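Undergrad: Using the hints, position chains G, F and E against chain U.
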Amino acid sequence: MTTEKDKEHKVGVYVCHCGSNIAGVVDVEDVRDFAAKDLEGRGVVVSRDYKFMCSSLGQELIEKDIEELDLDRVVVAACSPHLHEKTFRNACSKGGLNPYLCELVSIREQVSWVTTDKGQATEKAKAMVSGGVERVLQNDPLEPLSVPIHPATLVVGGGIAGIQAALEIADSGFPVIMVEREPSIGGHMAQFDKTFPTLDCAACILTPKMVDVGGHQNITMHTWSEVVRVDGYVGNFTVTIKKKPRYIDEDLCTGCGICTDKCPKKIIDEVFEAGLGYRKAVYTPFPQAVPKYPVIDYDNCIYFQKGTCKACEKFCPTEAIDFNQEDEYITIQVGNIILATGYDLFDARRVTQYGYGRLANVFTSLEFERLSNAAGPTNGEIVLRDGVTQPSSVGIIHCVGSRDRNYNNYCSVICCMQGLKFAHLVKERTGATVYNFYIDMRTAYKAYDEFYQRVLEEGTLFVRGKVAEVTDAARLPGEEGKLIIQTEDTLAGKQRRIPVDMVILSSGLEPRHDAYDVAKLFGIACSSDGWFTEKHPKLDPVATMTEGIFIAGVAQGPKDIPTSVAQGAAAAARVLGRIQQGEIELEPVRASVDQNKCSGCRICNTLCPFNAILFHEDRMVSEINPALCQGCGTCVAACPAGAISGTGFSNDQIMSQIEGLLMLNVAPVGGAV
Amino acid sequence: MTDQFEPVIIGFTCNWCSYRAADLAGTARVKYPPNVRLIRLMCSGRLDPTFVLKALSSGADGVMITGCHPGECHYLEQNYKALRRYLLLRRTLKQMGIEPERVKLVWASAAEGVHLAKEITTLVEEIRALGPLQWPTSITGNGKKAFLEGSSVKEAVA
Amino acid sequence: MSTQPIVSPQDTNPNVRFLEEVSLKTAGVSRLEMCIQCGTCGGSCPSAADMDHTPRMLFAMIRAGMREEALSSNTPWMCVSCYHCVVRCPQDVHIADVMYTLKGMAIEAKLYKDSTAPDFSQTFVEMVENYGRSYEFGLATRHYLRHYPLRLPNMAPMGLGMLSKRRMNIRPRKIEGIDQLQAILQKAEEVEAVS
Amino acid sequence: MKEYLYYPGCSMESNAKAYQESLTSISKPLELVLSEIADWNCCGATEYVGISLTPAYALIGRNLALAEQQSNGTKTVVAPCSACYLNLAKADYYMRERPLLEKNVNTALSAGNLHYNPGSLEIRHLLDVLMNDIGLEEIERHVVRPLSGLRVAPYLGCMVPRPDYEHRWSDPEHPIELDQLLKVLGAEVIDFPLKTHCCGGHMTQISPNTAFELIRRLISSADQYHADLMVTLCPMCQMNLDAYQTETNRHFGTNYHMPILFFTQLIGLAFGMDPKDLGVGLELTDASAALNKIGVEVPKEEPKPRRKPRKKQTGLPMPKMPGDEEAE
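These protein sequences, in sequence, are chains U, G, F and E.
For what it's worth, this note's numbering labels the leading residue of the first sequence as 1, then goes sequentially.
For what it's worth, this note's numbering labels the leading residue of the second sequence as 674, then goes sequentially.
For what it's worth, this note's numbering labels the leading residue of the third sequence as 832, then goes sequentially.
For what it's worth, this note's numbering labels the leading residue of the fourth sequence as 1027, then goes sequentially.
In case anyone wonders, no lab produced these hints; they're calculated from the structure.
Quantities reported herein were computed from a predicted structural model and do not represent experimental measurements.
Just so you know, not all the hints are guaranteed correct.
Calculated cross-link-like contacts (lysine-lysine; reagent style DSS-like; alpha-carbon spacing at most 27 Å) [stated by the list, open to error]:
1. E:1043 <-> E:1028
2. G:767 <-> U:535
3. U:306 <-> E:1346
Pulled out of the complex, with its shape left as it was, chain U reads as follows (with noise of 0.2 Å):
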């Protein structure tokens, strides 16, 4: 099987110690004479070992016997390609070489490591370097690819990580657009009393963010609005934009909030109230909202249900009032996309022993956010859901449907601080006995534990135990009447019965309920919880699969404020560097069609999850769109013309290192075969 195109190169092999993590297990020296002796025949000119090949000296090495040798391909026995791949392809550019004709032999985390039996990991370390070497004699000089960047960018998701993101980018003289699917921007966080771990008001640092994001030159904000349609690739997207009526027509209304007062129709507040407080029908969430324009709520509106009322109408000053308006398509055209679509809260009822829904005074986290926050509809009045009790014991629940396999495995990160911040609430405003029911109380980060310290000292009592169950059947004198709180305080090893006025439901935070959709929409992943995932857990948290798609904010995990607004400006500051380059390098691992032997069969174009494959119906051909191909290679393996390659793993590459892993380019050797 060699012929004399493989012969004609010259290969170049390079063997690292790394310190002794490699050179420890694996005979380096018998692995380096293996590559000149039985590989000369392949083209290995020189093989050398070194120390520590990464270094600025291990790289001279190669870039000396490039230019000196002139070397055609390098092979690198190191450690993984993760690691190192770019560095040894910089310093095969810089000696002269095509990048792209260097390979990197992962002998320390797939043999070194692994192996115990020395002989053995020699072996194995051979035989993949000789699989390494077959593989470079088939790789192709490359380059990468590069394609320009549209200026603009869409945001998706008006939440706190959401405006961060938009704001960066607008202050930095780039256009956003903003698509917020609520009726005003501001998310969750705008729905919360006090943050932790500084207790400063949600409103009072987040109003001003969202005025800016309605003021902003740079910014266009699309509320009571969603994505329907993504097509294009990175640079050069073009969004559709589903606007939903708001029969308020915004050039005209001033915000003067008339018609929601004049609307006789009341209905519970299920968003932005938690299901605790009332609207209208014609409503703007919260005092604050930006933009200022009321929505009229279709399914509640008088008008709508029956053809009376326009009380509204009536009385606008300004004839705002549309009823006629409908669902309103827009497209434009952005280079990146960052998707800060946030959570939904997990459903509390799924765990019926703690009776939310059936025992009047449980609560859950985001219902106790209302009921705390002054401008909730209890003016911030602690009250049992009667509506006047103050309660004088309340029993806070941690982890609510997280950490737990019959609901959510993760962590839900938040409840912790919220549960400390809650007890806080309720101690300054009641004076109540507050019990924190955990199983670890997990307060990392800055200023969180001292947090702890401070609700300690208040003396707000922790039981260390998951409530069993929180049950109105009283048992023991003290219990009528109140809500017993059952559990094992582990710390103490006995069951107690803690009787409480209040109950609060630390619930954890769900991936929203149509996240996969999403993530199919823009083209990315979601893991098997539904959290958007990444494209790097560590290195490259905000970055996804998809060129050009960021994520941030609890759409990628779960996490608190401060963590979101830093991913807000981490997308941001990914994008910006994008616009800023004007086009973008891709990595050239691409699929290309061969249009003299494609046959049209076009089972390549229903296989392309990206779209990527266009058939021209005039020479009934396919052709491959390479910004938008990933480099997957799906389709090259089940082209039946086998008319389609895929650059960097092109059959030949695969093939020969196939053979060069089972040493079928050398004299069999004992014991492998």
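TA: Okay, now just chains G, F and E, sitting in the frame of chain U:
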């Protein structure tokens, strides 16, 4: 080297999950038998059944195909396609008179280094139990011919 | 994710084996090693008040390899099999079944305390083995006679009531396939012994 | 006409005669055909598993094997007793989950020339069958004597709704099936907070004081809600709450009087059947006062004051619950 039969297994990994799982197994110093030699693909969806036949016809005793868990594919859903091909492939192998157990599909996320190592260990044991692969005489050990065999599979698959 | 405890076979510390032993002797997959000590079980348990240790503590003791203490605890014998802990456990630990396992192991090791429970189970089992059906009258009277002779007078009216209402059979019903059943149980004992 | 394999369990022949008799009676109008598993044996209750694993499951296995042999047409086994239901269901489930168990049990069964393939049967509780196969409409059709005015506490006990391997029930802690059924019969169903709490199980035997406490909790709670009687679907629960009620009262110096009937008995009464055919009167805690309310045998007793509804209509709204609409 011990005198017991040491199978050679080619493993195909997805760049985003199982290859990183292998990295993780390494960083975590999880030990597993050295019989598996990994090849990196961008996605299990890239796996052309021909590769497997090629590997088996060229001397491998078994093949391990790994990819992201269903629903977690970085290319949305290509691992499902890998699954389909895998199932079909096993049938083809049967027809060719090869134990389909020699080819195994394993889901392993980037976080599942231990899991991957475990799977590798079991597979090695299973293949060891099966003994060396006798590539059917009807098909010579010549890669090219296996390649042809493969193309027919491919049409069926796609 | 592991479903059986992963304890290194090289580990010579006998204590680490106990968790494994309990887990392996349990019907189904115990998931005992998954316990996060949250106390849901102890909080849910209706008879916790009468237990030497809450289930949670028992699991911690098992992990600690406290064989004697764990097997002599009355906790498993106080379990009423209400399965509240099982459905509430955030880690899907098969708590009730682990309790059954511990009972068995305690009897085997003759470690259970004065509790009359093992004896009751034993009596019950003997009846089933002899007749194929259970037989409360014999069971209850025999058990009460043996353990609560003083209580019997109080119970008598109840017993008589049950009798007069034809709710207790004086003599047990024997199934036809009793030999077959005994053969099966015989075999089962053998299998149990080796596994 | 619906046909099932039937596993009565030991209690149905003795302490739960009333359950068996009422079931037999209501089966006719509901066209429920229950063919008893020939020569079934005890399920081992909660005792056998505590002694030795394989024998315990082999004991249950024999019943499953017999049922599998006998299953013609139907693969559904109906069990009226909670413990029996759970034991059968559990054996079937665990034999699937743990191959070792399956192997051991079948090795044991082979000694009796029997074999059971886990998963080949469908183990269901009587209430499940009535609710989902017969259906509420059908049941409602036969109601001629609505139980109007009768305040009942629906009590399921533990082992029917839990652990519920096959997810047959609406909820493991607050299932609504029994409530729905009793509502259809015209009864006034209280939202009984302890509807799936423990009756004491075998504790009446091995630790009476523990049992008495558990019995007290249930009866006193039902009493707080001014229930006329508690409705159960488990022989063990009925036995403990009914037969041990006097002893419990003596133990705590209380004087609760809470009749305990089987749901099948109430169905029969609502169908207008003769109490005698439903085993009514077999309970030790006299139920005549309660039944008097629906015109079944009539001694006098002053009616208790009604308790005001639990959910306040004033003040802040309650979150909507599934099924709130039909609830009063």
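Undergrad: Next, verify each hint and record whether it holds.
TA: Outcome of the hint check:
{"no.": "1", "hint": "E:1043 <-> E:1028", "result": "holds, 23 Å"}
{"no.": "2", "hint": "G:767 <-> U:535", "result": "violated, 39 Å"}
{"no.": "3", "hint": "U:306 <-> E:1346", "result": "holds, 25 Å"}
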